[in-house]
Amino acid sequence: MAMEITQILLNAQAVDGAVRKNAEENLKQFQEQNLPSFLFSLAGELANEEKPAESRKLAGLILKNALDAKEQHRKYELVQRWLALDVSVKAQIKSCLIKTLSSPSGDARSTASQVIAKVAGIELPQKQWPELIGTLLSNIHQLPPHTKQATLETLGYICEEVSPDAVEQDHVNKILTAVVQGMNSSEANNDVRLAATRALYNALGFAQANFSNDMERDYIMRVVCEATLSPEVKIRQAAFECLVAISSTYYEKLAPYIHDIFNITAKAVKEDEEPVALQAIEFWSSICDEEIDILDEYGGDFSADSDIPCFYFIKQALPVLVPMLLETLLKQEEDQDQDEGAWNIAMAGGTCLGLVARTVGDDIVPLVMPFIEGNITKPDWRQREAATYAFGSILEGPSPEKLVPIVNVALNFMLSALMKDPSNHVKDTTAWTLGRMFEFLHGSTLDTPIITPANCQEIITVLLQSMKDVPNVAEKACGALYFLAQGYEDMGPSVSPLTPYFQDILQALYGVTRREDAGESRLRTAAYETLNEVVRCSTDETAPMVMQLVPLIMMELHQTLETQKLTADEREKQNELQGLLCGCLQVIIQKLGSSEATKYVFLQCADQMMGLFLRVFSSKSATAHEEAMLAIGALAYAAGSNFEKYMSEFYRYLEMGLQNFEDYQVCAITVGVVGDLCRALEDKISPYCDGIMTQLLKDLSSNQLHRSVKPPIFSCFGDIALAIGENFEKYLIYAMPMLQSAAELSAHTSGADDDMTEYTNSLRNGILEAYSGIFQGFKGSPKTQLLMPYAPHILQFLDSLYMEKDMDDVVMKTAIGVLGDLADTLGNSAAPLIQNSVSSKDFLNECLSSDDSMIKESAEWAKMAISRAISF
Amino acid sequence: MAPPDHRRPYKRPAISDQQRRRELSLLRQAQSRLDAQHRARCLASSVLSLENPEPDSVPELELESKPGEERSEAPPKEFDVRQASKLRGAEARKWFARQLMLPEWMIDVPDRLSQDWYVFARPAGKRCFVVSSNGAAVSRLRNGSILHRFPSALPSGARTRDVSGSAQSYSILDCIFHEPDQTYYAIDMLCWRGYSLYDCTAEFRFFWLNSKLAETGACEPPSQYHRYRFSLVPVYNCDHSGLHAAYTGAAPYVKDGLLFYNKEAHYQTGNTPLALVWKDENCSQYVIDTDSQGNVPKQQQVVLELQEDGKLTTSDDPPVVFGCLDGDFIQKSGLCLGNLLRFAIGDGGLSFVDGGLDKADLCYLGKSNRARAFADSYSKIVFQHMVRHSPLKIDDFLSSISSSVDQENQPRDVEMAG
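Residue numbers (my numbering), protein chains in the order written: chain A, 1 to 872; chain B, 873 to 1290.
This is chain A alone, in the form it adopts within the complex (with noise of 0.2 Å):
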């Protein structure tokens, strides 16, 4: 065999497909006959040095793809296979790995580095193969380069594949050592250099306990600023890697150094190559990252106490730091707008920009105003863009008061740019900018408007003037009116600014999604995406013309779903197309649908409607699903329990959107939609409900679908029952003992960081609308007493929830409803169980003292359903 497998391993690789697919079944055959034997072949093939340089390398691969897999589940599967493998033959694949890294083909030891990584994966945290970090640093210092250099590449990627709380401090000690001396300007190979520096990168999140002692991170931080100033681009590169990501995890131990690194940086931006000058913007992009979120937490209020203090690192730069800024926003490139992937030092020059104006407000504007001022009305169209392109990226963050008189002297200027100026580059960045005007300084929450009677028309004429002009001017010209519309959404049914102009509107957004090239730039995309915003602000006044839309928008999607024999990139396409107007219906839906006056007439259409949301089902793309869903959710909405006539048409495509675990966006959204129809249809959605509740049981049961699909699927559990009342009694017995083993799961999060904390409480919240709709379902029928075995536990659940105080108002809210819930179907026969729980008093009177009138009027609720049980 050992023989045999070079050759598979190389027919594997072959140019004539049928021997390649020979080969691929062989390899697979071998490895379903023997896997032992199939992996240690695969290592010997690596490890062996008279094997062809191909062999080796695939060998390698297949073995790497043995023991991880990008899926959950498959990757769950293949980490248990390989426990289970006998120690004897595990140790001889090490052995072989172990061994490769000296081999003097630097593929071959490449290769063995990573899978060595995936081994250490799956066997550290487990506290197996002990010994490998002292074998890899056993006389490190006596090792030929290129052995050295896959050593450290090695370490490397075994702290990106291992979490830091599965190695001893003792070992990352000598891990940290042995990488930084591989840093150091001492070390006279470039690649061991470089293999150390790409090692730190993964290795600094090891490293907490090294950088709280301040002789360990002077170290530190002097050998990789050392490396920023290395002569090979690479290393500098990866030193500069290394620093932003110091950046973001140690942000409260640079105060020392921040001096240093903007010299450092600055030096770099002004100088040096490009893919080395970006990281340089990117180590402030990422303290901007940082102080933002540090700011956000103090919330404005100076004492409150956070994990982090704020050094204003940014604030003290601020003089120094703008102009190395705004230098970087005249190094355009000629079409960086048309080039999707584009990414340049202008560009990210002006991204921090933009993010600098978050962080310090007001002070950033006398700062830029010059650099606008000198260059807006020069005659190069470098100057022009930069300084508007400036004037864009500080519109987030300082106070309207400092900005509305100055965007007041702007408009016009800009309103003439975007019509008139040569350059479609200044266009381009000319009508993002007015987008940002409206997105931060126009809505109804501003005390000035910038939008007045007086401009509005003009502002509209030249948006929709430019909506004519080339893709990306027109795509900018979309995304202004974006927000030009939503800042009147929240206006409330008074008469909209914008009624007089509604129809030329939606008819020049039409006009654009129809365009030839539309396709190009996002274009189409950004059109529809308007007309949806425009159409979610249209008042009773405007409601017909958006009306008119409807089979307008209906005879798009039915001619994507005739148009047949497309290539592979044409569907594509026509699945986003199918996707964008699905969403566009969905909006109209929705909005025509919240008013009884529109209602009716929009309803004459549902029967077509429907019948073109089924047939989007037949293509097989995601994107398209959800959307369809979406709006069969607002329809059925809108329809009520007229809607039963579409049910057994699209029952199974329900079903299926409740099995599609890959898309788990696609589920989710399905779930959501079992909601609407169970409001809409009530108990008439009973034929339809044993199927539904096998699948979604099986959801929950599943570990291949995404966690963030359960909550809601408890919630939709609430849902039924609510819907169906006592006929919910046959699915109890499986749901009931569900809820109770995820609220066991989710009444601790004891040490959890706040992502969890964060789920844990949307798990909370789910299992306790299951509750309260299942008690309000029950309520009043003769078989409540069905529930009350499961009363002890879910006061127990409410009590730890209690107990655990760390669950959120919308938790706070649901809990205080269920325990209310309870007393009210319940009744008399409950009372002991309810007066003996800490819910019914201290939560209970937490409750109704809470500020938040949600809390307060649920425990009202649940005070009054209470002591009618008692009372009884």
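FYI, nobody ran anything at the bench for these hints, they're computed from the structure. Computed from a prediction, not measured in an experiment: that's the story for all the values here. C-beta atoms are modelled at their ideal positions from N, C-alpha and C, and glycine is treated no differently. Take these hints with a grain of salt, some might be off.
As the list claims (entries may be wrong) - A few chain B residues facing chain A, derived, Cβ under 8 Å:
| hint | residue |
| --- | --- |
| 1 | HIS878 |
| 2 | ARG879 |
| 3 | TYR882 |
| 4 | GLN890 |
| 5 | LEU898 |
| 6 | SER904 |
| 7 | GLN909 |
| 8 | ALA912 |
| 9 | TYR1067 |
| 10 | LEU1069 |
| 11 | THR1073 |
| 12 | PHE1076 |
| 13 | LYS1135 |
| 14 | GLU1136 |
We have chain A already, so just place chain B on it with the hints.
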């Protein structure tokens, strides 16, 4: 394991409209779920059912009547108060009359008066429901007719931008409209912001009434969106001082007797012995019933309901039989089942054996006024009889309170069951 890509979004709005569509859908779904939940919480508990089929309705002939099947109108028609407002005429009268808790007349002093009861002076005026919902308040008299329709500071009682409750929510108060100061005196609360209080104790309802009514601004003087002032009635524990305050204390309204409410009693529609009314000349202008001309008739008059076998009964449940008409007389006078008939009590009066009615000397006067929905209750007849012969006096309450306090302090006998 490529190097990290620090590319950031460039000239792009931070939110995509697709994400916004998802979020808005989730928002709509969450709001709908809340509404459904809220409706479920309010609903069943406040549906007031039309409990009995109308006693005077003639059963329709059923062609295929199956044995054991209930009568066609037997399943109770369920209404809530808003649906009920569509009822007309006798149906409306019967329905609304049944929705109020009607105190019995006090014919003897209940035990534990000072511990278990509240007392308050009843304002003189028209007893009515006030229902506020959908931006208006409507008051209806016991016979279902509308007294006023008006904007009010009650929850959902006016078309203002009141965001404190959903438009669906409604509130129901049990009130007395007091003409002289054009004020609704709220004596009980049945529903508040959609939450039913029917099954709550009087203690809780009064607490809720006291704490919630003022919060809304309904007790403020009238204004554009608030046509009538509401007011609370001081409620006392029925001990010496409480009774004294209710009986002799100054009140901003004209008094019409005293009302006694058992603290534990739920709001029970129809007649209930857990709420009692008592009057004497000091606290009411109308102690003895008058006729339609406002004169006190020489003899006490009563209204009784004619039953199948000629029996004459009160409106109590179960009814109390006061006498019997013979078949001939019924035929001759053209009377039929369920008619309300007016009688005078003759010189023979009422006689009691073991605390129950033994005999009544009744003289037939004729059919009663069409506006009447019900026969008199037993307690009313007996109270009116006592007023004319041996009235219950305020001193009887006071001495009952003192003696019960004494009794509390005495050791009790143990009752042997074996």
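A quick look at each hint next to the structure:
no.	hint	in the structure
1	HIS878	4 Å, holds
2	ARG879	5 Å, holds
3	TYR882	5 Å, holds
4	GLN890	7 Å, holds
5	LEU898	7 Å, holds
6	SER904	5 Å, holds
7	GLN909	6 Å, holds
8	ALA912	4 Å, holds
9	TYR1067	6 Å, holds
10	LEU1069	7 Å, holds
11	THR1073	5 Å, holds
12	PHE1076	5 Å, holds
13	LYS1135	10 Å, violated
14	GLU1136	7 Å, holds
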